[in-house]
Each structure stands twice: as structure tokens, then as C-alpha cells.
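Following the hints, put chain B with the ligands in place on chain A, whose structure we already have.
Chain order of the listed sequences is A and B. For the first sequence, full-length UniProt numbering gives the first residue as 1, with consecutive numbering after it. For the second sequence, full-length UniProt numbering gives the first residue as 1, with consecutive numbering after it.
Among the clues, some could well be false.
[Stated by the list, open to error] Listed next, with one range per pair, are the computed distances between beta-carbon atoms:
hint : chain 1 : residue 1 : chain 2 : residue 2 : range
1    : A       : ILE166    : B       : GLU19     : 46 to 54 Å
2    : A       : LEU38     : B       : ASP165    : 57 to 65 Å
3    : B       : ASN128    : A       : THR211    : 45 to 53 Å
4    : A       : GLN256    : B       : ASN128    : 48 to 56 Å
5    : A       : THR211    : B       : ILE15     : 48 to 56 Å
6    : B       : ASN128    : A       : ASN135    : 45 to 53 Å
7    : B       : GLU19     : A       : PHE300    : 55 to 63 Å
8    : A       : ALA309    : B       : HIS192    : 44 to 52 Å
9    : B       : ASN40     : A       : PHE300    : 40 to 48 Å
10   : A       : LEU306    : B       : ASN128    : 37 to 45 Å
Everything labelled a hint here was simulated from the structure, so no lab data went into it. Where is the CB? At the ideal position from N, CA and C, for every residue including glycine.
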Amino acid sequence: MSKFLKLLYNELHKLYIRKSTWVMYIILAAIVIGGAVLMTIFDDNTVESEYSENWRAELQAENDEIEQSLQENNNEFMIDMNMSNVEKNNYHLDNDIKPLNYGGWQYTYENAGLSMLIGLFVIIVGAGIVASEFNWGTIKLLLIRPISRSMILFTKFAAVLTFALITLVFLFLLNLAVGGIFFGLEGANPHIVIQKADGFVHASLFGEIMTSYGYDMVNLVMLTALAFMISTIFRNSSLAIGIGIFLLMGGNIVVQALSQYDFSKYILFANTNLKQYETGNVFMEGMTLGFSVTVLIVYFVLFMVLSWAFFTKRDVAGQ
Amino acid sequence: MNEIALELKDVKKTISNKEIIKGLNFQIKPGEVYGFIGPNGAGKTTTIRMMVGLMNLTEGDVKILGKSIQSEYKEAARNIGAIVENPELYSFMTGWQNLMHFARMYEGITKERIREVVSLVGLDNVINDKVKKYSLGMRQRLGVAQAILHKPAVLILDEPTNGLDPAGIREIRDYIRRLAEEDQVAVVISSHLLSEIELMCDRIGIIKHGEIISERYVNEESDQDDAQSDVKVIFDVGQADEAIKVLEDRDIEVKRESDKLVTEINRQEIPNIVQTMVNQNISVFGVTPIKATLEDQFLELTGGNVIE
Ligand SMILES: Nc1ncnc2c1ncn2[C@@H]1O[C@H](COP(=O)(O)OP(=O)(O)OP(=O)(O)O)[C@@H](O)[C@H]1O
Ligand SMILES: [Mg+2]
Numbered sequence: 001m002s003k004f005l006k007l008l009y010n011e012l013h014k015l016y017i018r019k020s021t022w023v024m025y026i027i028l029a030a031i032v033i034g035g036a037v038l039m040t041i042f043d044d045n046t047v048e049s050e051y052s053e054n055w056r057a058e059l060q061a062e063n064d065e066i067e068q069s070l071q072e073n074n075n076e077f078m079i080d081m082n083m084s085n086v087e088k089n090n091y092h093l094d095n096d097i098k099p100l101n102y103g104g105w106q107y108t109y110e111n112a113g114l115s116m117l118i119g120l121f122v123i124i125v126g127a128g129i130v131a132s133e134f135n136w137g138t139i140k141l142l143l144i145r146p147i148s149r150s151m152i153l154f155t156k157f158a159a160v161l162t163f164a165l166i167t168l169v170f171l172f173l174l175n176l177a178v179g180g181i182f183f184g185l186e187g188a189n190p191h192i193v194i195q196k197a198d199g200f201v202h203a204s205l206f207g208e209i210m211t212s213y214g215y216d217m218v219n220l221v222m223l224t225a226l227a228f229m230i231s232t233i234f235r236n237s238s239l240a241i242g243i244g245i246f247l248l249m250g251g252n253i254v255v256q257a258l259s260q261y262d263f264s265k266y267i268l269f270a271n272t273n274l275k276q277y278e279t280g281n282v283f284m285e286g287m288t289l290g291f292s293v294t295v296l297i298v299y300f301v302l303f304m305v306l307s308w309a310f311f312t313k314r315d316v317a318g319q
Numbered sequence: 001m002n003e004i005a006l007e008l009k010d011v012k013k014t015i016s017n018k019e020i021i022k023g024l025n026f027q028i029k030p031g032e033v034y035g036f037i038g039p040n041g042a043g044k045t046t047t048i049r050m051m052v053g054l055m056n057l058t059e060g061d062v063k064i065l066g067k068s069i070q071s072e073y074k075e076a077a078r079n080i081g082a083i084v085e086n087p088e089l090y091s092f093m094t095g096w097q098n099l100m101h102f103a104r105m106y107e108g109i110t111k112e113r114i115r116e117v118v119s120l121v122g123l124d125n126v127i128n129d130k131v132k133k134y135s136l137g138m139r140q141r142l143g144v145a146q147a148i149l150h151k152p153a154v155l156i157l158d159e160p161t162n163g164l165d166p167a168g169i170r171e172i173r174d175y176i177r178r179l180a181e182e183d184q185v186a187v188v189i190s191s192h193l194l195s196e197i198e199l200m201c202d203r204i205g206i207i208k209h210g211e212i213i214s215e216r217y218v219n220e221e222s223d224q225d226d227a228q229s230d231v232k233v234i235f236d237v238g239q240a241d242e243a244i245k246v247l248e249d250r251d252i253e254v255k256r257e258s259d260k261l262v263t264e265i266n267r268q269e270i271p272n273i274v275q276t277m278v279n280q281n282i283s284v285f286g287v288t289p290i291k292a293t294l295e296d297q298f299l300e301l302t303g304g305n306v307i308e
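Next comes chain A alone, as it looks inside the complex (with noise of 0.2 Å):
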């Protein structure tokens, strides 16, 4: 093994034998299990909307259905929703595409939202891994080794980045498991109609699940980066945690509130969510996805080198 490999091993395995850990993956496998349970017993429409070979007269007699009640409703809203479905069976009707019953991999798909609780993780367990070296005192033990300081905290870092990418497959291959056994498989690669930026599409779930997982990553390592620098400067995780959930629940609220101002397009949560480009929804006038991603590799760097910068050069003294 390499002795990157051997470093990585250690930090991850100093924290999957912590039950602090598991109790994360517990509480993921609760709320995915949960959510197909409660979904079985209470939401009938979704699950056992089955079309048959007569999908196209199904289709019709919905939509059929859906104008007779549009018409006796004027709530803005129901229409809205209501006239969004019509163009969806459309679509359907136009391209000669039979819609996909329900089963795991649109559970999966509509629990891709889950990641945002990856992040809480995530922000946890970066907050943690230099702090509690400090705080157990065995960060003597680990910087006495003749391995440079710069390797021991990119190896911590790349242990947090492990982590978030092993949590986030437990969460696709969960959900895909717990959907398929309560509501079945639609198959190895199925496609389904979703609305985008520009209309209807029939795309992969499976490209539909990772791009979603994707963009949240992007979140996900930024605010890790954060929770590892403000640990790695002040040696308190719970400082830390404390900042990245803020920031998690309330990052799009502070910048929404100074959007008014054009200094707020530098901030770091008006670029987090690179999904704005996708959906042309765009935080503030010209700004592009280059700009986005310049502006977070330059948080990126800026987090990495103040935290290199603290954990190399400090002395490490008692507490």
C-alpha cells in the first residue's frame, strides 16, 4: 500500500469505529426506510398508478379529468400545478413514450433531496477530524511520525471527501434497495419525462439521480472545506459544526437578503447551487457557470491554504 493509501486507511478507520458514525448511516437508513413505509400505507395515488398496454386512453381520460376540475377552480396555483401535468401526458401522448410506473429508482430520485443531510454529516465529520486530534491529545502522537504536516491534513481532508462519496452511494444503493423492495424495479436503465429550463425531456433517472447528487456535492465539499479550516484554525469541532450548519440551513437566505447589492454575486452560497445555470433560475444578472465556478475554486484554495498555513506553521502545545 501506498503511504497515502496507509494514511487514508488510518483516518477512516479511526472513524467507522466510532458509533457516533454509524448512528449517521442509522439515521439515513431510518428516514429512507421510513419514507417507503409511510409512502405504502398513506400515498396510494403514486404507487399503484399502474398504466396498462392502454396507457394513451389513460393518459387522455386523466388529462380529461384534470380540465373538468380546473374548470369549477380558479386557485392560480392548482392551475399551475394541474396544467404542468397536462403538458407532461402530452409530451407523453406526443413522443409515444408510455410512462413509467412508479418503483426504486424514482424513490431514489425523489430522495436525492437526503444529500442536503449528507451534508449535515459531512460538515460534522470535517469539523471533527483535526479538532479531535487536539482535543484527545493525540495529536502529539500523530505529528511526531516522519511524515510532513502537509500530508497528515490533506489526508484528513481526502478521508472527509471518502466519507461524503461512501455516504452518498449508501444513500443511492439504499434507496435503490428499499424502493425496489417495496415498490419494485422500473428496470436496469429506465427513463423517465421531467420538466427542464426549456421544456420536457426523457432522460436517464440514473443521469437524473447523479447529476442531482452532483450538484449537491459541489455544496458538500465547499461547506467541508469550511468546517475543516474553521477546525483546523480554532481546534473547536463544535465551532465549527455550529458555523457549517448555519451556513447549510441559512447560506441562500443571507445572500437572497443582500441580493440587492452587487458585491453579494462574490459570495460563496450565491454559487454553490450550480443548478441555477441548468434551470436558467440565475441568482443575479450575468453571472455564468464560469463565473460560479471560478468563484468557488478561489474559496476552495482560499479555505485549503489558511487551513495548511494554521496546521503547518503552528506550535503544538498543551492545551
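Same frame as chain A, now just chain B with the ligands:
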């Protein structure tokens, strides 16, 4: 083979404008055990932190087998094993997992080597228990185990006997001596337990306020210096008055404590004095040279454990 295992060259440390270490110089040869003693706050731990690379040096250099801890950190660190202050290990892992963890940070430490070290520190029976179940002494032993895993040329131990029972202290002492004698390891031990230091070390440096104020070989007195320096000798005699006269004739100052006469004389003079007393029919019941203990010297030199 390098003649000097560890060298401190004018090492200074200033923390927030306070000079804590004021220029330490010493060299330790392979196979030598160096005791580093001083009162609380003297700067032992600070010095050790600099030796192992946990703290930056404000001035000077530390060399391990000729490699600078500052400019050739990896080469230097490869040859150091250390415990700094309390042996804090991962409490949620077993002793074995802790050792494996640190072994992975070096090249080529085999499981056999780890087992060998576990036996050496006598942890065979508890090595698969979580460290949080360990007593302080057991953790101290595990601390020593992680320090010697990679067969370092220089072993640095900050108060390794802290928390050990007498049997444990004796064991540590034995294998530190064995490491020094058989494997030619240079050992630095800091401690408050002066009697321990005396038994374990070849040489002792006394540090106070960040300076070495005295350095000596442990066997100095009995081997070489006896010829020159005076020792305290107590004469237990039947006829005190006559005996005092014998001594005062030789310009020796005498303090009388009941029947015992306390003097400070050169050891070489004793046979002669005794002969004179016997010749004058003075009954000599006993002559006891009192070797000042290291502890007395330590307190004398450091002025007691006053933290300034
Ligand atoms: N991080 C620090 N900041 C400021 N002063 C410090 C720091 N660490 C140590 N000191 C000071 O340096 C001096 C030496 O401390 P050190 O811990 O090296 O002593 P020591 O000889 O190991 O004492 P002890 O026998 O109590 O372990 C003390 O006066 C202490 O107050
Ligand atoms: Mg100390």
C-alpha cells in the same frame, strides 16, 4: 556509525515575548541514557516538544543522527520515538489497533515486531481491550510501546514513570537500560522522580528557568571525584572529647550531635584518622560516609520546587 545520536545546539524558545528556553546545548551518544530533571515549569516539556518537531525553535537547532529536525524533518523524525507528557492514545480503539495505526506511519513494521513490543511492555493479556479500559500504568506502557515500535535511534520520554507502580517502574527501567545497552539507543528521560533518574541514567542535566544549571555523570562521585571532594562523614565514638581533639588537630571542623561527630572530610583521610583514634584508645563504633543524594543536590541547585 554516527558518534552523536542527539544534539541540541543553542536551542532557544520565546513564547509571547517570554524567553522560556534560554539556549540549551547538549549531545547524547548512542547507548547513553540522559536524565533531564528540573522543577515544574523549568521547560522540560517545551524542550522535548522542540526536539520532536511539535514546536518550532526560535533559535538554534536540534539534530538527530546529524539530521536537522527543522530542515530534514522526515529523516530526523524517522529516528525518534517519543512520549510527550501524558500518553494520550485513541481510547475508542484497542491497544493493538493503536499500535497498528502508528505502525502504518512507518515503512516495514511487521506484525511480529508489534507482538514483540507488546510482550516487551507486558501488555499481552490486555492488548485487545479498548484503551479506555486501561489504567494509567497500562496506557503508559502502551505509550512506550508506540515509541519503540520502529526501533528509533533516539528515544525521548517525558515522565515515563508517571503513574506506574513500583514493579512497572522497575520494568521500564530495565528495558530502557536494555535498549540502551543492547540496541545502542540514545534515551532522554525527563522526570520528577529523582531516585528513578539516578538508577536509570548515565548522565543528568538539571534544568531551571530554561537553562541547564548543572550536568554530571551519575557515577561521578564514587568513581573520579571522590579523590578531590569532601564528603560528610559521621564518627560514632566512645570518647567524644578526645576524638574532637584528634580531628581539630587536623584542622577539621566538627559538629557534635550527642555521641556522634559530624565532619566534612576527604574520603582518603578516613583510614588515617581512624588509626590515630585507635592508637589513642578511643573506641570507634562506626564511621559512616554520607553520600549526598541526588535529591539533596537537586533541591540545593534548584532552590526547591518554587515556580516563578
Ligand atoms: N504555550 C505556552 N505559552 C506560554 N507559556 C508557555 C507555554 N507552554 C509552556 N509555557 C511556559 O513555559 C515554561 C516551561 O513549561 P514546561 O511545560 O516546558 O515545563 P516542564 O519543565 O515540563 O514542567 P513540568 O514539570 O510541570 O512538566 C512554563 O513557565 C510555562 O508557563
Ligand atoms: Mg512537563
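Now the hints, each set against the structure:
{"no.": "1", "hint": "ILE166(A) <-> GLU19(B): 46 to 54 Å", "verdict": "49 Å, holds"}
{"no.": "2", "hint": "LEU38(A) <-> ASP165(B): 57 to 65 Å", "verdict": "59 Å, holds"}
{"no.": "3", "hint": "ASN128(B) <-> THR211(A): 45 to 53 Å", "verdict": "47 Å, holds"}
{"no.": "4", "hint": "GLN256(A) <-> ASN128(B): 48 to 56 Å", "verdict": "55 Å, holds"}
{"no.": "5", "hint": "THR211(A) <-> ILE15(B): 48 to 56 Å", "verdict": "52 Å, holds"}
{"no.": "6", "hint": "ASN128(B) <-> ASN135(A): 45 to 53 Å", "verdict": "25 Å, violated"}
{"no.": "7", "hint": "GLU19(B) <-> PHE300(A): 55 to 63 Å", "verdict": "40 Å, violated"}
{"no.": "8", "hint": "ALA309(A) <-> HIS192(B): 44 to 52 Å", "verdict": "37 Å, violated"}
{"no.": "9", "hint": "ASN40(B) <-> PHE300(A): 40 to 48 Å", "verdict": "45 Å, holds"}
{"no.": "10", "hint": "LEU306(A) <-> ASN128(B): 37 to 45 Å", "verdict": "41 Å, holds"}
Against the hints set out earlier in the document, violations occur for numbers 6, 7 and 8.
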